[in-house]
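*Asks:* Chains as they are written, first to last, in the numbering used here: chain D, 1 to 185; chain A, 1 to 423.
Derived from the structure by calculation, the hints contain no laboratory data.
This one's a predicted model, so the numbers in the text were calculated from it and none came from an experiment.
Check before you lean on any hint, since a few could be wrong.
Taking lysine-lysine pairs in the DSS-like style, the calculated list, with each CA pair at most 25 angstroms apart, reads [to be verified]:
1) K84(A) - K90(D)
2) K79(A) - K90(D)
3) K27(D) - K92(D)
4) K343(A) - K84(A)
5) K170(D) - K88(A)
6) K170(D) - K27(D)
7) K90(D) - K170(D)
8) K84(A) - K322(A)
9) K79(A) - K170(D)
10) K27(D) - K90(D)
11) K343(A) - K88(A)
12) K79(A) - K92(D)
13) K88(A) - K322(A)
14) K343(A) - K322(A)
15) K170(D) - K92(D)
16) K84(A) - K170(D)
Quick list of the computed label-pair ranges, beta carbon to beta carbon [what the hints assert, rightly or not]:
17) A177(A) - D7(D): 47 to 53 angstroms
18) E164(D) - Q230(A): 45 to 51 angstroms
19) N222(A) - E164(D): 50 to 56 angstroms
20) G196(A) - D36(D): 55 to 61 angstroms
21) R328(A) - D107(D): 42 to 48 angstroms
22) T199(A) - E160(D): 49 to 55 angstroms
23) E191(A) - G165(D): 40 to 46 angstroms
24) D7(D) - T199(A): 55 to 61 angstroms
25) S4(D) - T346(A): 42 to 48 angstroms
Yeah, the Cβ is synthetic: ideal placement off N, Cα and C, and Gly gets one too.
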Amino acid sequence: VTESIWDVVPGHVETYEAHGETTVVVKRESLVEACDYLRDEHGFSFLSDITATDYLGWDRAAVSGYIGTAQGRDLNEPMTQGLQKLPRPKPKRFAMNYHLLALRRGDGRRLRVQVWLDDGEPVPSVVPVWPTADWHEREAWDMMGIPVEGHPNLTRILMEDDWEGHPLRKDYPIGGEPVRFSDAE
Amino acid sequence: MTVAPARPRIYEGSRIPSPVPTILQIPEELRGSDDLLQVNFGPNHPSTHGVLRLLIDLHGETVVGLHALIGYLHTGFEKNMEQKTWWKAITYPERIDYVSFQNNELVFVLAIEQLLEIEVPRKATWMRMLLAELNRIHSHLVWLGTSGLELGAISMFWYCFREREAVLDLFELVAGARMHTRYFQAGGLAEDIPRGFFTECRKFVERMPHAVDEYEQLVDRNQIWLERTQDVGLLSASDAIALGQSGPVLRASGVDWDLRRDQPYLAYGDVDFRVAVYPNGDVYDRYRVRMDEMRESTRIVAQCLDRLEQMDFEPWIADDRKVVLPPREELHTSMESLIHHFKIVTEGYRVPEGEVYVTIESPRGECGCYVVSDGGPKPWRVKFRAPSFVALEATATCLRESLIADMIAIVGSLDTVMGEVDR
Numbered sequence: 001v002t003e004s005i006w007d008v009v010p011g012h013v014e015t016y017e018a019h020g021e022t023t024v025v026v027k028r029e030s031l032v033e034a035c036d037y038l039r040d041e042h043g044f045s046f047l048s049d050i051t052a053t054d055y056l057g058w059d060r061a062a063v064s065g066y067i068g069t070a071q072g073r074d075l076n077e078p079m080t081q082g083l084q085k086l087p088r089p090k091p092k093r094f095a096m097n098y099h100l101l102a103l104r105r106g107d108g109r110r111l112r113v114q115v116w117l118d119d120g121e122p123v124p125s126v127v128p129v130w131p132t133a134d135w136h137e138r139e140a141w142d143m144m145g146i147p148v149e150g151h152p153n154l155t156r157i158l159m160e161d162d163w164e165g166h167p168l169r170k171d172y173p174i175g176g177e178p179v180r181f182s183d184a185e
Numbered sequence: 001m002t003v004a005p006a007r008p009r010i011y012e013g014s015r016i017p018s019p020v021p022t023i024l025q026i027p028e029e030l031r032g033s034d035d036l037l038q039v040n041f042g043p044n045h046p047s048t049h050g051v052l053r054l055l056i057d058l059h060g061e062t063v064v065g066l067h068a069l070i071g072y073l074h075t076g077f078e079k080n081m082e083q084k085t086w087w088k089a090i091t092y093p094e095r096i097d098y099v100s101f102q103n104n105e106l107v108f109v110l111a112i113e114q115l116l117e118i119e120v121p122r123k124a125t126w127m128r129m130l131l132a133e134l135n136r137i138h139s140h141l142v143w144l145g146t147s148g149l150e151l152g153a154i155s156m157f158w159y160c161f162r163e164r165e166a167v168l169d170l171f172e173l174v175a176g177a178r179m180h181t182r183y184f185q186a187g188g189l190a191e192d193i194p195r196g197f198f199t200e201c202r203k204f205v206e207r208m209p210h211a212v213d214e215y216e217q218l219v220d221r222n223q224i225w226l227e228r229t230q231d232v233g234l235l236s237a238s239d240a241i242a243l244g245q246s247g248p249v250l251r252a253s254g255v256d257w258d259l260r261r262d263q264p265y266l267a268y269g270d271v272d273f274r275v276a277v278y279p280n281g282d283v284y285d286r287y288r289v290r291m292d293e294m295r296e297s298t299r300i301v302a303q304c305l306d307r308l309e310q311m312d313f314e315p316w317i318a319d320d321r322k323v324v325l326p327p328r329e330e331l332h333t334s335m336e337s338l339i340h341h342f343k344i345v346t347e348g349y350r351v352p353e354g355e356v357y358v359t360i361e362s363p364r365g366e367c368g369c370y371v372v373s374d375g376g377p378k379p380w381r382v383k384f385r386a387p388s389f390v391a392l393e394a395t396a397t398c399l400r401e402s403l404i405a406d407m408i409a410i411v412g413s414l415d416t417v418m419g420e421v422d423r
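Throw the hints in and build the complete structure from the sequences for me.
*Replies:* As structure tokens, this is what we get:
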């Protein structure tokens with residue numbers, strides 16, 4: 001294990017490099033502290049994006065995606081296309097990725113901050129650090145069902161207010177939702 | 001990063017609303033007042049550039065409350081892409097932002113290539129750059145035409161769409177389709193550059209600077225246009241950064257930042273161009289940035305043409321039979337090629353396990369693509385960082401204390417494409 005400048009980030013768990021990108025995994029509790037530190041000490045004044053990812057079924061053989069059935073949302077049949085090898089297991093089901101950017105002329109630098117979460121485990125809001133996180137966090141809640149703690153207005157953003165379920169989760173099939181205004185409803 | 005000095009008219013400090021940065025709440029002293037009027041604007045309105053809905057609280061003519069509601073065009077692109085093989089999913093990003101289709105296609109293809117670690121021939125790189133810049137011109141023309149239309153400069157629309165047609169004709173010449181060309185493949189281009197393209201493109205490059213002059217003659221000394229756009233929809237540099245604004249909106253607020261120069265992708269490090277920066281953060285400066293960018297893009301296209309004309313017989317796609325379809329003529333003579341073709345078409349190529357976040361400077365700003373692969377033939381997760389989505393977060397700050405009549409100009413100046421906002 002080599003030492004890096006990211007070891008002192010509050011709540012640091014691990015740092016890894018791949019494809020020319022640096023990812024810093026931090027503990028859920030110290031996310032805001034870590035973001036404050038990165039913004040103030042390393043110049044990451046720009047939050048580019050927040051992405052929630054669902055890793056349900058990630059390291060199981062012969063699963064590379066789910067497909068929905070017309071019978072309903074609960075019936076999910078794994079697809080048959082197999083994988084050549086199993087991917088490395090992930091620590092928990094969900095990952096929240098914060099893509100930070102330091103606006104330095106001629107030398108833009110990026111960093112990914114990653115937090116791992118179980119189903120229903122809340123993540124602290126980074127709106128106080130970067131106001132732009134507002135809609136990104138609402139999208140993570142709407143699409144993935146990540147509860148964001150301390151968000152000033154955590155409501156659905158893309159789906160309608162009374163929508164059931166979180167569409168981008170892996171156990172939410174495509175083609176499984178009831179068709180509105182049809183006899184099938 | 002340098003912040004250019006501002007005219008004294010730009011505000012000091014922060015105007016981002018609190019506690020919710022994207023919602024303008026009615027001030028305490030006005031709550032319950034009989035003079036308040038709530039207006040619902042959209043989601044179906046010709047000047048919202050799609051299906052944006054704004055709930056506006058008016059006090060007289062002044063906007064005192066604002067709530068932007070989106071999601072009316074949510075089509076589940078990201079979910080759908082998880083069900084498609086990598087090479088089939090390339091068609092989706094173009095439809096996410098249907099005005100800057102080639103830039104969106106480019107960012108997804110670059111992400112696949114970064115995971116595959118595949119070497120792209122230089123001819124493909126320069127052609128991609130050429131098309132991305134033509135697409136930027138196309139996108140700014142659509143913006144200028146429609147925004148002019150909304151502010152009463154109706155003839156602007158016809159002038160802009162004249163040049164837009166010329167760009168679309170070039171796309172048609174290259175790929176057979178005017179929009180959603182799907183010309184980029186992982187590894188290079190789908191086909192070689194057709195004969196006659198360079199001549200036609202040269203004609204356009206010679207014509208375009210004069211066309212931009214014409215647009216400026218139409219509006220830039222027009223008192224109505226100036227009064228409708230100057231000192232309207234203010235956004236300071238620090239607020240723009242805090243709200244994650246990018247592209248022309250950020251540069252019109254005086255932040256000298258362009259991914260093409262500051263984090264070069266393709267071959268942007270090898271071309272000469274100027275980054276347009278204006279200090280006042282109003283609608284007029286956003287218009288100025290886009291006008292300058294059209295000129296600069298034309299210059300980049302000309303430089304790409306100079307290089308491409310010397311690459312006549314070079315390959316346009318990488319020679320990697322596990323990823324790239326074999327040449328059509330080989331299918332009749334080579335068993336190997338037939339197998340490769342069959343495997344790629346039916347099952348798709350496999351992309352090594354990993355995650356990347358690739359960004360490009362799209363006409364609307366930083367277009368990012370976060371892609372996760374589990375090593376299979378389909379993306380595990382695709383997420384687009386849509387610049388329009390983030391631009392709409394600034395509506396509450398920009399519209400603060402503005403007049404209702406300026407709202408159209410301000411929302412228009414953020415240049416949002418709702419397909420990209422709602423994905």
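*Asks:* State the violated hints by number, sorted upward, taking the hints as numbered earlier in the document.
*Replies:* The structure breaks none of the hints.
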